[in-house]
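In the numbering used here, the protein residues as written are 1 to 155.
Hints are supplied without guarantee of correctness; some may be wrong.
[As the list claims (entries may be wrong)] With a Cα cut of at most 27 angstroms, we get these calculated DSSO-like pairs of lysine-lysine:
| no. | residue 1 | residue 2 |
| --- | --- | --- |
| 1 | 52 | 22 |
| 2 | 3 | 88 |
| 3 | 52 | 3 |
| 4 | 52 | 81 |
| 5 | 3 | 81 |
| 6 | 52 | 88 |
[To be verified] Derived DEER-like restraints, expressed as beta-carbon distance ranges:
| no. | residue 1 | residue 2 | range |
| --- | --- | --- | --- |
| 7 | 69 | 125 | 22 to 28 angstroms |
| 8 | 73 | 96 | 17 to 23 angstroms |
| 9 | 110 | 21 | 31 to 37 angstroms |
| 10 | 46 | 89 | 28 to 34 angstroms |
| 11 | 20 | 92 | 33 to 39 angstroms |
| 12 | 35 | 103 | 27 to 33 angstroms |
| 13 | 64 | 91 | 28 to 34 angstroms |
| 14 | 106 | 21 | 31 to 37 angstroms |
| 15 | 89 | 32 | 29 to 35 angstroms |
| 16 | 69 | 123 | 19 to 25 angstroms |
Quick caveat, the hints were computed from the structure, so don't treat them as lab data.
All figures in this text were calculated on a predicted structure; none of them were measured in a lab.
A virtual CB, placed ideally from N, CA and C, is assigned to each residue, including glycine.
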Amino acid sequence: MNKPTLGYLKCNIDVAFFPNEKEIGFGIMLWDDRSLFVAAKVVHFPGAALVKEMEAACLLNALLWVQSLDQSMVEFEVDAKVVVEDLKNSYTDLTEFGSILVQCQLVLASETNFSVSFVRRQENIIAHGLAGVACFYASPTFFNVPLNLFSSNNI
1 MNKPTLGYLK CNIDVAFFPN EKEIGFGIML WDDRSLFVAA KVVHFPGAAL VKEMEAACLL
61 NALLWVQSLD QSMVEFEVDA KVVVEDLKNS YTDLTEFGSI LVQCQLVLAS ETNFSVSFVR
121 RQENIIAHGL AGVACFYASP TFFNVPLNLF SSNNI
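Turn these sequences into a full structure, and let the hints steer you where they fit.
And the structure:
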């Protein structure tokens, strides 16, 4: 993972799908410019949707969560290239995906020091791990201490 710009936080996000259980998990991790853990959030809910819709919904969830933490200088990294490209190209349509992107664009317009960029899955492994354990939590859960996601009990 690349460190964020000095004075900024970095927020990595990812989605996990549990098709057998018909459930979705979001993993969101926030860390500082010294690569130190700041906070994390997992969200789990029933349902199924298009991958790009869920990736965009996870980004929106992260944008709103970080905004609620009164953080204003944040670099968001997403491993869904279509979401990042469509967001940067101001893509809109009348689908659920288009609606979520418009909501993301509104938050980004109000937070001028928020940025969104694409990152490869290999560089987003911690957020992916968080998303993978989201199904073990009945409601949105916040962490302010680091988790050991890769212990033998979680793999």
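Checklist entry - Taking the beta carbons of residue 46 and residue 89, is their distance inside 28 to 34 angstroms? => result 32 angstroms, holds
Checklist entry - Is residue 52 within 27 angstroms of residue 81, Cα to Cα? => result The given pair, whose Cα atoms are some 9 angstroms apart, holds under the 27 angstroms limit.
Next on the checklist: Assuming the hint says 31 to 37 angstroms, is it satisfied by the Cβ distance from residue 110 to residue 21 or not?
Outcome noted: Roughly 36 angstroms apart at Cβ, these two residues keep to the hinted range, so it holds.
Item to check | Pairwise beta carbon distance, residue 69 to residue 125, judged against the given window 22 to 28 angstroms | outcome: 23 angstroms, holds
Checklist entry - Has the hinted range 19 to 25 angstroms been met by the Cβ atoms of residue 69 and residue 123? => result 23 angstroms, holds
Item to check | residue 21 and residue 106 - C-beta distance against the hinted 31 to 37 angstroms | outcome: 32 angstroms, holds
Item to check | residue 73 paired with residue 96, Cβ distance criterion 17 to 23 angstroms | outcome: 30 angstroms, violated
Checklist entry - Honestly, do residue 64 and residue 91 meet the 28 to 34 angstroms range at C-beta? => result Because 20 angstroms falls outside the window, the suggested range is violated.
Item to check | Satisfaction of hint between residue 81 and residue 3, Cα-Cα up to 27 angstroms | outcome: This hinted pair holds, its Cα atoms lying about 20 angstroms apart.
Checklist entry - Are the Cα atoms of residue 52 and residue 88 separated by 27 angstroms or less? => result 15 angstroms, holds
Next on the checklist: Does residue 22 sit within 27 angstroms of residue 52, going by the straight-line distance between their CA atoms?
Outcome noted: 17 angstroms, holds
Item to check | Distance restraint between residue 52 and residue 3, which requires alpha-carbon spacing of 27 angstroms or less | outcome: 26 angstroms, holds
In terms of the numbered hints stated before, the structure departs from hints 8, 13, listed from lowest to highest.
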